[in-house]
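**Q** Protein chains in written order, with our numbering: chain P, 67 to 143; chain F, 67 to 143; chain R, 730 to 874; chain G, 730 to 874.
The set of hints was computed from the structure by calculation and includes no laboratory data.
Just so you know, these numbers come straight off a predicted model, no measurement behind them.
All C-beta atoms, glycine included, are put in the ideal place defined by N, C-alpha and C.
Please note that a few of the clues may not be correct.
Sample of chain R residues lacking proximity to chain F, with all beta carbon distances greater than 10 Å (derived) [claimed, not checked]: (1) Gln803; (2) Trp804; (3) Ala861.
A few chain F residues facing chain R, derived, Cβ under 7 Å [as the list claims (entries may be wrong)]: (4) Phe74; (5) Ser76; (6) Gln119; (7) Ala122; (8) Gly123; (9) Pro139; (10) Val140; (11) Thr141; (12) Gly142; (13) Gly143.
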Amino acid sequence: MSVKVLFFASLRERFGVGQVTLALTEPLSVQAVWQRSSGEDSLPANVLMAVNQTYAGADTLVQSGDEVAFFPPVTGG
Amino acid sequence: MSVKVLFFASLRERFGVGQVTLALTEPLSVQAVWQRSSGEDSLPANVLMAVNQTYAGADTLVQSGDEVAFFPPVTGG
Amino acid sequence: MLIEVRENPFDPWQYLAERQAHHGVSACSGATAVFVGTMRDFNEGDTVRDMYLEHYPGMTERHLERLATNVLQQWSLDDVLIVHRIGHITPAQPIVLVAVWSAHRAAAFEACRQLMETLKHSAPFWKRETLADGAVRWVDNNTPG
Amino acid sequence: MLIEVRENPFDPWQYLAERQAHHGVSACSGATAVFVGTMRDFNEGDTVRDMYLEHYPGMTERHLERLATNVLQQWSLDDVLIVHRIGHITPAQPIVLVAVWSAHRAAAFEACRQLMETLKHSAPFWKRETLADGAVRWVDNNTPG
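Kindly produce the complete structure, drawing on both the sequences and the hints.
**A** Quick look at the structure:
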């Protein structure tokens, strides 16, 4: 009963870690996953979120086994 | 005292000639050059005209030594 | 700026590689937009066997230069390339290559597209098609897009 | 459709030649529109020495596939190609190659541009620049165009 949480780019450097595993006893919102995994209360407006490698919103419910990712604005191309 | 008149593509095939030389005693409009060189009274609306290799209108005045060209709608690219 | 009206077939990708080698791959040109127009084997519902592309020697080259000069004045560009076939062309052969190098992608995209649209509508070239049954016809009008 | 996220440098023109040889130069695709994004040696007024491009393994590839699928549904296209570098990149190296083959030029131009815009705004890549003095910074935002 856990979720994999990923941080990319400047977020990974800020937290000093690219991946954490979060124990889960019930479904949580992406926002709650952010709070527990980052230790920060508020989710910055420019942080992007994905659940199972698809863009998601802060209210999306995360289930056990899901992969959640947080990352800064994208700058490819 | 002459002008070189060129016909391209389907116009050249219609008149059976690609180039004629027209004697010129005074400046003529492109339209008048068309009438004298083609033998046709009216200049069809879809015929394009150039004087000295630059697009021109039917009223443009043609001087001795100029090169006048008539051609159908362009279809390159 | 390089404008070429040529009778011989060419490979657009090789042409671009050589052009870029020539001006050096500029580390300023962040964006390259390219269009290649290739002869299709159909037009207006008919199978086309081959094509003859007539031009107006002198005016055609001057006109393409004018179109290139226009986009160079309108956008901030590093280089512009136009290559256009004339003469006898068979299906799947490239007819036209337009390439634009710029620091920014919007300028590259927009200049490349405007070059192609103005070339199609104003450059003195005329296509004569030979159909599958041997019938020959002049193409009246370019397709809108 | 071909999507490639790759660590090694590539030559876009050679890549296009090979891709076209692979699907055969279709005599239906009258129009090919291409965009190449190349690493510049400057950004926001600073000289950039080199760059590291991070991605999200798995999501990045899936997302590019989605973008390609979207344009294939929106326009009538024959083929779509996206190649994107990751890892260590130096100035003048190509970062991204997008190519679209279609029967008509409007579809090719528009699909190519939309692919580039949506890729820039939504594909999970992140640039970290090393400046001339050795300072390292994450790029905050893409340029508008």
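**Q** Need the list of violated hint numbers for this structure, in ascending order.
**A** Result: hints 7 and 8 break, sorted rising.
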